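Student: Chains as they are written, first to last, in the numbering used here: chain A, 1 to 199; chain B, 1 to 544.
Hints listed in this document are in silico derivations from the structure and should not be mistaken for laboratory results. Just so you know, these numbers come straight off a predicted model, no measurement behind them. One should not assume that every hint holds.
As the list claims (entries may be wrong) - Below, a list of computed lysine to any residue pairs in the SDA-like style, where the Cα atoms sit at most 25 Å apart:
id, chain 1, residue 1, chain 2, residue 2
1, A, K110, B, S243
2, A, K12, B, L122
3, A, K12, A, V151
4, A, K12, B, P194
5, B, K532, B, G288
6, A, K12, B, A193
7, A, K12, B, Q190
8, A, K12, B, L297
9, A, K110, A, V61
10, B, K348, B, N504
11, A, K12, B, G195
12, A, K103, B, N236
13, A, K110, B, L235
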Amino acid sequence: MPEPRRDQAGAKLGMWLFLYSEMVLFGGLFLLYAAYLHRYQPEFHRAAQGLDALLGGINTVVLITSSLFMALSLTALQTGQPGRCLGMLALTVLLGASFLVNKALEWGEKFQHGIYPGSPGVLALPPGEGTFYSLYFALTGLHGLHVLVGVVLLGVVMLMLWRGRLRQDHPALLENAGLYWHLVDLIWLFLFPLFYLIT
Amino acid sequence: MNPAGHPDAADDRGFLAPPGGRRGLGSWVFSTDHKRIGLLYLGCILALFLAGALLGLAMRLKLMTPGNELLAAQTYNAVFTLHGVIMIFLVLIPSIPASFGNFLLPLHIGANDVAFPRLNLLSWWLYLAGALVAFVSIFSGSGAPDTGWTFYVPFSQRTTTNVSVAVLAVFILGFSSILTGLNFVTTIHQLRAPGLTWRRLSLFVWSLYATAWIQVLATPILGITALLIFSERVLNLGLFDASRGGDPLLYQHLFWIYSHPAVYIMILPAMGVVSDIIPVFARKRIFGYKMIAFSSLAIASVGSLVWAHHMFTSGMSDLAVLVFSFLTFIVAVPSAIKVFNWLSTLYKGSISLEPPLLYTLGFIWMFSVGGLSGLAQGAAGANIHVHDTYFVVAHFHYVIFGGTGLGLFAALHFWLPKMFGRMYNRRRALAAFWVILAGMNLLYFPMFILGLMGMPRRYYDYLPQFATGQFMSTVGSWILALGLLLMFHNLYAGLRRGPLAGPNPWGAATLEWTLPSPPPRENFAQEPVVHKGPYDFPRQGGHA
Ligand SMILES: [Cu+2]
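Hey, can you work out the whole structure from these sequences and the hints?
Tutor: Okay, structure coming up:
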């Protein structure tokens, strides 16, 4: 058997294509958001007051910081410091997980007030406000799912690094995991103002 | 093991030989060899095509006479839904790219596999999983889906049939399609052999390239649309529910933003097949190589901006209707460029009417009729008259069955000898073609007239004035079925017992014909270096 071909540039190209497809996936929901915002501007502004901008803000800081650690982990690997790389990845995963916890608390609080998809509470809202919350749950839910996938993915990368299967001369896996993580981060940077700051 | 490149070894079964002594199913379904994956796809696609065709036959039988109650109304709804879902998502979307594309792309560019072989296998597994989930949706819950393949809201939200599971299947199949597209784009960028510049790519590869971009960039919209239908039903989001401030029209937009480009996923690879076959049997370099390659990309890009021509009667501003109608006419231009270039290639060529060329000519005829009737629908005024009638059904089947279907059959006749190393019976292949062509036209042409007379699509029953056309159409379906049986039987008998085909039975000039038939497992023993274009035939006549 020949040594498996490692095409680092190819792997990255493939990842970028995948990221384009992720953007289009979210793009469909953003399209719905745009159309409904156009139709229900006052309702969206009213409904957005029900969201806690402070919690959302904390989560924004958490994700941006995690992206920083992600970038640092790559630098660490490229400069030949696998131990440091592992540490940075652990911090990234930790922040990703705390984002999810924070999100779960936020959702839980909404659920307690009877605001969840299809709930009587949502049905009782005026049409546009109900639409706002449906979009909120759809978009942050899909995004949360992506964060969860990212956390698992980074866990796998850490495991491979631990076992020495990820080395300085072929960092594509780490780079790709990083690209994915940054994209998830970026999507949140759009979600945050669209839901929390349009009051 | 056999060293690659022994065209004279009569019993050399190439990649078909059990690898390392491992035989059986495992050596196929876990193989990352692009050739084996291509054949896996081909087998599944043809099997599902037969299933979809049987459903179509059942529908035609029910519609043969007015008042016929061969199928109950609810069953009839399920049958046309399944016919659509199977044919679109399980047969046509993967059809040529996943089967022939997988098999041929690395061979055409002088590579030993695609860029991500394991991802390629995952695509096939996802395809299989999607097919199984679709199958489950038929036989579980409270009945097979009855919404039509378009899953329009509000009906798809309210119906008690198993729509939730069916849209999950669509989501999985979409994911599989995205991964194939991503793999192909990367492969074409990264793995071309030395000397194989972009201008020396075969036009089949160009068409795969354009298709792959659509797969990557349009399919996610289908994914999110399927997920939204699922969440509408399961989580009761109400995003498309007018009584809760939602807008059902937005569903239609999302659906067609994918589903119009999807018809180019279906037709572009067939156009690539045609562009590769015609020069071989005209013994002439393709006319207008650059324009054909460019028109594939033009179709892919402009084709993503015309989706709302499916919604002229749904409620849109006049300006929007005008713009989408105009763009629809624009997108016909690159298709016409292709047709004219194919005909110019044939002009003064040294034509040998072998089966692949005959099926290709069938493609051009059917596609032209279908394409022109598409323009009739794209015109805003005429659209109002024929919207949701049999005219649309006729148009679509001319383009997609007559186009992609015949393109697939042409590919089968052209490349099966390469895949299996054996040749089918020429005369039977030619005879089967004429039966298929006659059947297709008798089946679908009356639908144009029925549509103009006002026969709505998907209706369970009809008025007496439509009876003649409906009857003719059903007779056509039998002739078509007979032709398909003849063709598949001949191909199967050929690949089992036919005479050895040799490495290059057609005298073609692309790289796969430099290998023995079937190709060896590792494709090229040495990386080929390319010095000439894909249509530079060795002993050319006076023409260049
Ligand atoms: Cu269309």
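Student: Mind listing which of the numbered hints don't hold for this structure, in increasing order?
Tutor: The structure conflicts with no hint, since it agrees with every one listed earlier.
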